[in-house]
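Q: Following the hints, position chain B against chain A.
Protein chains: 2
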Amino acid sequence: MPDELDVIESIVRRAGRVPAGYAAIGDDVAVVPRRRGNLVLKVDMLVEHTDVPPGMTYRQAARKSVAMCVSDFAAKGVKPDSFMVSIGLRKGVTEEQVAELASGFRDAEREWKVHMVGGDTNESEELVIDCTMVGFAERFVARSGASPGDALVVSGRFGYPPAGLKVLMKSAKAAARFRKMATTSVLRPSPSLRVGMALAPYLTSGMDSSDGLARSVHTLARAGGVGFELVSLPTGEGVEEFARANGLDPEALVLVGGEEYLVVGTVKGRDVDAARRAVRKEGGELLEIGKATPKAGRVELSVGGSRRRVKDEGWTHLR
Amino acid sequence: MPDELDVIESIVRRAGRVPAGYAAIGDDVAVVPRRRGNLVLKVDMLVEHTDVPPGMTYRQAARKSVAMCVSDFAAKGVKPDSFMVSIGLRKGVTEEQVAELASGFRDAEREWKVHMVGGDTNESEELVIDCTMVGFAERFVARSGASPGDALVVSGRFGYPPAGLKVLMKSAKAAARFRKMATTSVLRPSPSLRVGMALAPYLTSGMDSSDGLARSVHTLARAGGVGFELVSLPTGEGVEEFARANGLDPEALVLVGGEEYLVVGTVKGRDVDAARRAVRKEGGELLEIGKATPKAGRVELSVGGSRRRVKDEGWTHLR
Numbered sequence: 098m099p100d101e102l103d104v105i106e107s108i109v110r111r112a113g114r115v116p117a118g119y120a121a122i123g124d125d126v127a128v129v130p131r132r133r134g135n136l137v138l139k140v141d142m143l144v145e146h147t148d149v150p151p152g153m154t155y156r157q158a159a160r161k162s163v164a165m166c167v168s169d170f171a172a173k174g175v176k177p178d179s180f181m182v183s184i185g186l187r188k189g190v191t192e193e194q195v196a197e198l199a200s201g202f203r204d205a206e207r208e209w210k211v212h213m214v215g216g217d218t219n220e221s222e223e224l225v226i227d228c229t230m231v232g233f234a235e236r237f238v239a240r241s242g243a244s245p246g247d248a249l250v251v252s253g254r255f256g257y258p259p260a261g262l263k264v265l266m267k268s269a270k271a272a273a274r275f276r277k278m279a280t281t282s283v284l285r286p287s288p289s290l291r292v293g294m295a296l297a298p299y300l301t302s303g304m305d306s307s308d309g310l311a312r313s314v315h316t317l318a319r320a321g322g323v324g325f326e327l328v329s330l331p332t333g334e335g336v337e338e339f340a341r342a343n344g345l346d347p348e349a350l351v352l353v354g355g356e357e358y359l360v361v362g363t364v365k366g367r368d369v370d371a372a373r374r375a376v377r378k379e380g381g382e383l384l385e386i387g388k389a390t391p392k393a394g395r396v397e398l399s400v401g402g403s404r405r406r407v408k409d410e411g412w413t414h415l416r
Numbered sequence: 098m099p100d101e102l103d104v105i106e107s108i109v110r111r112a113g114r115v116p117a118g119y120a121a122i123g124d125d126v127a128v129v130p131r132r133r134g135n136l137v138l139k140v141d142m143l144v145e146h147t148d149v150p151p152g153m154t155y156r157q158a159a160r161k162s163v164a165m166c167v168s169d170f171a172a173k174g175v176k177p178d179s180f181m182v183s184i185g186l187r188k189g190v191t192e193e194q195v196a197e198l199a200s201g202f203r204d205a206e207r208e209w210k211v212h213m214v215g216g217d218t219n220e221s222e223e224l225v226i227d228c229t230m231v232g233f234a235e236r237f238v239a240r241s242g243a244s245p246g247d248a249l250v251v252s253g254r255f256g257y258p259p260a261g262l263k264v265l266m267k268s269a270k271a272a273a274r275f276r277k278m279a280t281t282s283v284l285r286p287s288p289s290l291r292v293g294m295a296l297a298p299y300l301t302s303g304m305d306s307s308d309g310l311a312r313s314v315h316t317l318a319r320a321g322g323v324g325f326e327l328v329s330l331p332t333g334e335g336v337e338e339f340a341r342a343n344g345l346d347p348e349a350l351v352l353v354g355g356e357e358y359l360v361v362g363t364v365k366g367r368d369v370d371a372a373r374r375a376v377r378k379e380g381g382e383l384l385e386i387g388k389a390t391p392k393a394g395r396v397e398l399s400v401g402g403s404r405r406r407v408k409d410e411g412w413t414h415l416r
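In order, the protein sequences belong to chains A and B. First residue of the first sequence? That's 98 in this note's numbering, and the numbers climb one at a time after it. First residue of the second sequence? That's 98 in this note's numbering, and the numbers climb one at a time after it.
Please keep in mind that the hints were generated in silico from the structure rather than gathered at the bench. Quick caveat, the model's predicted, so the values are computed rather than measured. Keep in mind that the hints are not guaranteed to be accurate.
Covered by chain B, according to a simulated footprint, are these stretches of chain A (three or more residues, beta-carbon under 8 Å) [unchecked claim]: (1) 141-152; (2) 158-172; (3) 203-214; (4) 220-229; (5) 364-377; (6) 408-416.
We treat Cβ as the ideally placed atom computed from N, Cα and C, and that holds for glycine.
So that you can see chain A by itself, here it is in the shape it has in the complex (with noise of 0.2 Å):
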């Protein structure tokens, strides 16, 4: 049964080697060379209890605990520099499960071309991992920003999240192809920065939306002190059937499901175009979903003629 040292080990022995001017790691502190820019922080802990689905392996959610913090990053339009990882184990963890631990950070490291500095190990009594990411910029795309008339754009479709975490937690069925879908958005999210970085320079304001769409409009209205009319919804390609089949409300899980690590943000209507364009080269797709009103505070869907109050619902910790 491995202890702290040897979780140490395995996680060093494992990560990508730090370029020079970076500290090894082994030392009490970690050192990440000047930059120009201010210095740019996230932090962000996945807890077992809440973050880790049925089905998700350890390195899975060790890559998870990153993501979580490139989300931010990406929907902030800063290019993350490094990360430390602060873990807190069971007492009882196996070495294979260290092990892939160490390979879902290698796996981040790798994918965002980030480099893990530093960390720290505990034990605990739910696996515990708290991300620290760190970046360097002039500016970031702040919640605040928005005026009325702004487009407001989403950078993805919504849905798959609550759908494959119903799914792993066999609360509701599938058919393959969305099943697939769905749980590798639970078990494999990917945020993505290049398409974060290409729209930043577009937003007027912005930020992830982990928390839930609904959240995340209402958060930017409130910075914003603005409304939003939400003409159509972003509903991922069969999420509605997928609703359907199970007894589920479609708007629900695209409105309130959470975890899908996409940017919600607001553009200038002269901007949509070349936002889109510059979304669309690194891969991704951005949706105009609404846009920005004089009522402060309001979140508004109009859609089939009908209009709505849509309520600041998403995941609340401790709720």
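A: Leaving out everything else, chain B in the frame of chain A:
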């Protein structure tokens, strides 16, 4: 019962204002203005069942989570700038407990003149506080760097925290004055940044003593390719009497207790007096307890005419 948003509100309301150039807490990323030097990072996780002894309040636990990082910065001679806290809270946490955590973070801000710039709130099966600390420096005191002949120094006396822990766990008794000093060292660990910064220019290697004196000395030996001969132990006042009265080994209390949050390091012989004066000026006490030898990895204790090996014992998670 407070939810995630209440927790954030409670903590942010009590936090100090960040100066101009920093992003106020509340967006998805934290921003620290550019500084000279490379970025220095440290992450340390406090987990309730291993790091929060009986009798420690939530306020003290919050302060301690920051102290754990401050201790490393002090030993490395790097002034911390800011910190973030990623928190896991039990379902059912009370408003009072959250307010206590907030007060503890505020205590840390004031005590070490650091800014809380962000964080994350989660639900977990026990209290978890992961503190990420950042600073900027051209150089830091590394673990490696000791040469044979260098003096081995410590920035204070050892044995109070293990004694205090035993008192708090009711497995030992102590007279009022010692009891107070020992339990305070556990409940309000006080790494001294001022002592660390004053000592750092003289250190050829160094680290903090949070995993215990023996472990720290062994770590400096391995990293420097040297050995150490200890000729005296930095035994805290009253520790021997406490040990005798409770049938404990005083050497073990000093060598493998841990959580002292002092600096253990090496200094060139010619610099010892100047280092001592610099530390005294900041209210600390520098003790020379031995010297580095060419016997790589070997740590020996020579007191009272006998010589014996000191084992590489100390706190290791998951062991």
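Q: Run the structure past the numbered hints and jot down the numbers of the failing ones, going up.
A: 3 and 5
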